Amino acid sequence: MDLVIAGKSYSSRLLVGTGKYRDFDETRRAIEASGAEIVTVAIRRTNIGQNANEPSLLDVLPPSQYTILPNTAGCYTASDAVRTLRLARELLEGHALVKLEVLGDAQTLFPDMPETLAAAKTLVDEGFQVMAYCSDDPIMAKQLEDLGCVAVMPLASLIGSGMGIINPWNLQIIIDRVRVPVLVDAGIGTASDAALAMELGCDGVLMNTAIAKAKEPERMARAMKLAVEAGREAFLAGRMAKKPYEASASSPQSGLIQKAG
Amino acid sequence: MSAPIRITLNGAQRELPAPLTFTQLLDELELAGRRLAVERNGAIVPRSAFEDLRLADGDRIEVVIAVGGG
Numbered sequence: 012m013d014l015v016i017a018g019k020s021y022s023s024r025l026l027v028g029t030g031k032y033r034d035f036d037e038t039r040r041a042i043e044a045s046g047a048e049i050v051t052v053a054i055r056r057t058n059i060g061q062n063a064n065e066p067s068l069l070d071v072l073p074p075s076q077y078t079i080l081p082n083t084a085g086c087y088t089a090s091d092a093v094r095t096l097r098l099a100r101e102l103l104e105g106h107a108l109v110k111l112e113v114l115g116d117a118q119t120l121f122p123d124m125p126e127t128l129a130a131a132k133t134l135v136d137e138g139f140q141v142m143a144y145c146s147d148d149p150i151m152a153k154q155l156e157d158l159g160c161v162a163v164m165p166l167a168s169l170i171g172s173g174m175g176i177i178n179p180w181n182l183q184i185i186i187d188r189v190r191v192p193v194l195v196d197a198g199i200g201t202a203s204d205a206a207l208a209m210e211l212g213c214d215g216v217l218m219n220t221a222i223a224k225a226k227e228p229e230r231m232a233r234a235m236k237l238a239v240e241a242g243r244e245a246f247l248a249g250r251m252a253k254k255p256y257e258a259s260a261s262s263p264q265s266g267l268i269q270k271a272g
Numbered sequence: 194m195s196a197p198i199r200i201t202l203n204g205a206q207r208e209l210p211a212p213l214t215f216t217q218l219l220d221e222l223e224l225a226g227r228r229l230a231v232e233r234n235g236a237i238v239p240r241s242a243f244e245d246l247r248l249a250d251g252d253r254i255e256v257v258i259a260v261g262g263g
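In order, the protein sequences belong to chains A and B.
Following my numbering, the residues of the first sequence are numbered contiguously, the last one being 272.
Following my numbering, the residues of the second sequence are numbered contiguously, the last one being 263.
If you are wondering where the hints come from, they were derived from the structure by calculation, not from laboratory data.
The model shown is predicted, which means the values in this text are computed figures rather than measured ones.
Certain hints may be false.
Unchecked claim - What follows is a list of derived Cβ distance ranges for each label pair:
# : chain 1 : residue 1 : chain 2 : residue 2 : range
1 : B       : R227      : A       : G18       : 29 to 35 Å
2 : A       : N181      : B       : T214      : 49 to 55 Å
3 : A       : Q118      : B       : N234      : 29 to 35 Å
4 : B       : P210      : A       : E227      : 50 to 56 Å
5 : B       : D250      : A       : D13       : 50 to 56 Å
6 : B       : L246      : A       : A17       : 42 to 48 Å
7 : A       : I59       : B       : D250      : 15 to 21 Å
8 : A       : Q118      : B       : N203      : 24 to 30 Å
9 : A       : S67       : B       : E208      : 47 to 53 Å
Unchecked claim - Distance condition first, Cα-Cα at most 20 Å in a straight line; then the derived SDA-like pairs of lysine to any residue:
#  : chain 1 : residue 1 : chain 2 : residue 2
10 : A       : K153      : A       : V135
11 : A       : K224      : A       : D187
12 : A       : K132      : B       : V260
13 : A       : K31       : B       : V260
14 : A       : K224      : A       : T119
15 : A       : K224      : B       : V260
16 : A       : K31       : A       : V71
All residues carry an ideal CB built from backbone N, CA and C; glycine is no exception.
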């Protein structure tokens, strides 16, 4: 079963960022290996006077081939985030799917939830399809859904920290209570983190640094693809019950050779 | 030709000949044909307006592109 966001179907549940790579070639190879269909980009001032024949990211990742998800990284107010995404929509010729993040603090990059909610409201009113980066607070996630966000994206741990899923219990509550897709965004460090997110029942995982800053990004991208698929399958399969105080042999209890004589 | 105009382009002061349309501005900056978006004084300048719309003295212009990000 595919991941459906804002009515559009995606076969990959891994979404990837495009930052922190050495060059566009490494970006392209890693993103191909990840199998991701949705890739995030940032919106920034162009370097005036240094552009002639400089390749652009969207030449490497053409919007005809990928769903480009512009973000609001670096925005600390609702109004800056809204401005950035209006520019993104113009840049991408009317494209409505966006990643909203409004940061509250430069040290932790923790989201400012009041500003995020305010921006989400404006953006939804303007016809944007908003995927919102948020704290792992079930009440905040629910409010974003109620405002009309098409996906909520709680952090696993701090952006770029690679610390994995700090609070699986909060994530579980969000997954249980929110009806729109829940994607873990931020904090994934390695493949087991991604698998765990999917096993909890997340609809997808968004990551950047875990791939870009691996020693071999292309190989880690492949690992993440497999981890997301494995975690999803395990979730759908339904894990066995945990029995902490009771062993249960998998081999038959009868027919042992010792008992034969 | 009228007097030159002074604008703020991506945060930097710049003096340009007038009259100047947005198409002419992008040509001047060697940005013609690139995938970008333009904002004037906080409002989007749609691509369809580039050809006819002229810059005014004191305009604050932002020209943005997509770059790698997470």
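Here is how each hint holds up against the structure:
Distance hint check: the CB atoms of B:R227 and A:G18 are about 31 Å apart, consistent with the given range 29 to 35 Å. Taking 49 to 55 Å as the suggested C-beta distance range, the pair A:N181 and B:T214 conforms, at roughly 53 Å. For A:Q118 paired with B:N234, a C-beta distance near 33 Å keeps the hint of 29 to 35 Å intact. For B:P210 and A:E227, the Cβ-Cβ distance of about 52 Å falls inside the hinted range of 50 to 56 Å, so the restraint holds.
Distance hint for B:D250 and A:D13: a CB-CB separation of about 53 Å, consistent with the stated range 50 to 56 Å. Distance hint for B:L246 and A:A17: a CB-CB separation of about 32 Å, inconsistent with the stated range 42 to 48 Å. A C-beta distance of roughly 19 Å is found between A:I59 and B:D250, which places it inside the suggested range of 15 to 21 Å. Remark: the range hint 24 to 30 Å for A:Q118 to B:N203 is upheld by a beta-carbon distance near 27 Å.
Look at A:S67 against B:E208: about 28 Å separates their beta carbons, and that is not inside 47 to 53 Å. For the hint pairing A:K153 with A:V135, the CA-to-CA distance comes to about 15 Å; that is within 20 Å, so the pair holds. Restraint check: the Cα-Cα separation between A:K224 and A:D187 comes to about 32 Å, which exceeds 20 Å; the hinted pair is violated. About 26 Å separates the Cα atoms of A:K132 and B:V260, which puts this hinted pair outside 20 Å; it is violated.
Annotation: proposed proximity of A:K31 to B:V260 holds, straight-line Cα distance about 11 Å (limit 20 Å). Distance hint between A:K224 and A:T119 is fulfilled; the C-alpha atoms sit about 19 Å from each other, no more than 20 Å. In summary, the hint linking A:K224 to B:V260 is supported, as the alpha carbons are separated by about 17 Å, within the 20 Å threshold. Our distance criterion of 20 Å between C-alpha atoms is met by A:K31 and A:V71, whose separation comes to about 15 Å.
In this structure, the earlier hints numbered 6, 9, 11, 12 are contradicted, and the remaining ones agree with it.
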